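Read top to bottom, the protein sequences are chains A and B.
Residue numbers for the first sequence, in the working numbering: 327 to 655.
Residue numbers for the second sequence, in the working numbering: 327 to 655.
The set of hints was computed from the structure by calculation and includes no laboratory data.
Model, not experiment: these values are computed from the prediction.
Misleading hints may appear alongside valid ones.
You can't tell identical chains apart in this list, so a pair holds if it fits in one copy or across any two.
Stated by the list, open to error - Once the Cα atoms are required to be at most 27 Å apart in a straight line, the calculated DSSO-like pairs of lysine-lysine come out as:
id, residue 1, residue 2
1, 370, 414
2, 412, 621
3, 370, 412
4, 407, 612
There are 2 protein chains.
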Amino acid sequence: MELTRRHALAGAAALAATPLLPNTPAKAVAPLADKQAPSFYRYKVGDIQVNAVFDGTTTFDLTDSFVLNAKKDEVNAALDKAFLPKDKMTLLFTPLAINTGGKTVVIDTGMGGAAYASSKGMHGQFATNLTAAGIDPKSVDMVVISHFHGDHINGLLTADNQLAFPNAEVLVPATEWKYFMDDGEMSRAPEGRMQTVFKNARRVLEAGLKKKATPYEWGKEVAPGLLAVESIGHTPGHTSYVLSSGSDKVFIQSDVTNHPALFVVNPNWRAFFDQDPAQAETTRRKVYDMLVAEKMRVQGFHYPFPGLGNIVKEGSGYRVVPAQWSPVI
Amino acid sequence: MELTRRHALAGAAALAATPLLPNTPAKAVAPLADKQAPSFYRYKVGDIQVNAVFDGTTTFDLTDSFVLNAKKDEVNAALDKAFLPKDKMTLLFTPLAINTGGKTVVIDTGMGGAAYASSKGMHGQFATNLTAAGIDPKSVDMVVISHFHGDHINGLLTADNQLAFPNAEVLVPATEWKYFMDDGEMSRAPEGRMQTVFKNARRVLEAGLKKKATPYEWGKEVAPGLLAVESIGHTPGHTSYVLSSGSDKVFIQSDVTNHPALFVVNPNWRAFFDQDPAQAETTRRKVYDMLVAEKMRVQGFHYPFPGLGNIVKEGSGYRVVPAQWSPVI
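Please build the complete structure, drawing on both the sequences and the hints.
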């Protein structure tokens with residue numbers, strides 16, 4: 327075993343610490359493929375099959391105003407701790423498709439077809455990945471919307487402004503609808519981002535539907551097994567869901583948090599897009615304490631794909647333990 | 327906002343704690359698809375494209391002898407902490423395919439075609455998922471083997487005992503080859519599992535190759551950018567790799583640990599299949615201290631798919647922080 331000692335593993339650290347392979351000639355190497363895997367993942371909740379279907383990501387330069395009550399340096403430290411690049415923020419989007427009551431139900435829709443080309447495929451992939459998952463958008467019976475931000479509703483429309491789910495009934499939280507369709511609320515909303523949110527919601531939800539959206543109430547099933555749960559703060563009508571079948575369940579949180587590396591780890595951090603940041607924090611802590619106490623699985627729209635995990639308490643915050651990918655459903 | 331208060335989120339916890347939906351009629355629901363997504367994931371290391379291609383999992387009843395120095399109860403506690411089922415152990419397998427030096431290189435091969443049918447598709451999926459990833463097994467130029475356990479070499483053969491990679495040169499660690507092909511070593515190895523490992527290695531590597539395997543040495547490149555690193559203990563010739571291109575690199579650990587929920591969290595735990603458990607632990611600690619110090623990415627054959635992550639020190643052990651899935655390569 328002389329070789330063993332001669333190449334003892336202490337060498338690996340040394341090798342890693344020094345420039346590797348200075349004598350390796352540069353070689354042009356063709357990639358084995360030019361596209362990422364179609365990003366979808368299926369799992370069961372009792373009899374219900376959940377398809378987590380990635381819409382992609384968006385990345386922007388980090389500023390001091392992204393988290394209202396944390397400096398850019400603190401946010402950078404949190405990103406670094408999660409082995410994510412500093413000075414940039416990448417948001418992630420994962421809508422769902424489920425089967426229940428004999429119907430195909432989509433929950434939220436991603437950034438939409440119009441976003442796809444302009445983002446060079448970074449986002450707006452939901453319909454493409456849904457099709458790759460063998461689910462024809464024409465076969466979708468219901469689309470359930472959690473709240474009216476563009477990354478959740480814009481996917482109702484294709485790139486050429488057609489209905490992405492032409493045969494689907496679109497269900498929206500009654501409170502969210504009432505708020506965003508109220509001209510008084512709109513007139514009182516600040517200029518800038520909030521006016522944009524109002525205008526975009528009205529554009530997509532009024533012009534872009536086959537018929538009027540169907541409002542739904544909290545505390546009731548939107549579809550068999552899919553219970554709508556109030557989780558306001560992020561928006562006035564923001565909704566989460568408990569999806570259950572038999573004794574099995576998962577909490578579909580929507581935007582109770584955005585990226586877990588920031589807002590699950592630091593539940594007191596307030597993202598600029600939380601419309602009522604104090605209420606959003608209260609909701610966040612209640613939900614996460616419940617998820618810990620119940621050991622309930624959670625599906626996060628803004629978690630890293632595929633977005634399924636469990637929550638542990640850690641320090642003054644929480645941490646997501648991602649679920650293990652299964653080779654079968 | 328009366329609705330808001332009436333359905334205040336405290337209700338979610340209450341709902342979660344009580345049986346949900348007692349009045350929901352049972353309904354037959356057809357699944358949206360009958361197969362999991364083809365499980366592959368691509369990322370870049372400098373100019374090199376890594377394809378992590380899932381072979382699947384195997385599950386067996388947990389016994390007191392799986393971890394030599396931890397009782398079943400302690401192992402169950404670790405599984406529970408990771409939100410994994412108790413009383414069972416699920417192992418996971420992720421071989422790789424990379425492009426380097428103008429060649430297509432596979433690293434380890436999974437459980438093989440013969441295992442596929444008998445496992446009902448739980449494992450032995452490597453060739454199928456590789457094909458789904460657009461990589462024809464016939465196009466593979468080199469197969470690099472880390473060590474001679476069946477989950478790494480059996481995939482060299484198809485279900486009908488043909489070459490799974492008919493045009494590939496097969497490269498094996500010189501020390502591993504010398505040990506397992508030595509009749510003296512074999513005669514001195516204990517009956518039972520070790521004899522099986524010897525026999526299986528000889529069957530696959532002697533009968534199943536187009537020509538003889540090509541031995542490679544530690545401290546040298548097996549292919550451009552793919553440096554072989556000694557990491558013995560798991561087997562006498564067990565090998566890891568530093569894959570690098572430009573300033574970018576990843577540590578391909580092979581079996582420095584098995585499932586991270588047990589053996590990264592508890593580096594002192596000794597899996598029954600570590601041939602020299604004390605040496606395996608020494609190697610494990612050296613490698614993981616290096617990964618922490620260097621903040622080097624690690625690709626784990628037995629990590630949850632897709633198996634890429636970073637390591638943080640935590641308590642007396644370590645923890646894997648999984649890399650975030652990217653929608654583009």
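The hints, checked one at a time:
| no. | hint | in the structure |
| --- | --- | --- |
| 1 | 370 to 414 | between (35 Å within a copy, 19 Å between copies) |
| 2 | 412 to 621 | between (32 Å within a copy, 14 Å between copies) |
| 3 | 370 to 412 | between (36 Å within a copy, 19 Å between copies) |
| 4 | 407 to 612 | both (25 Å within a copy, 22 Å between copies) |
The structure shown violates none of the earlier numbered hints.
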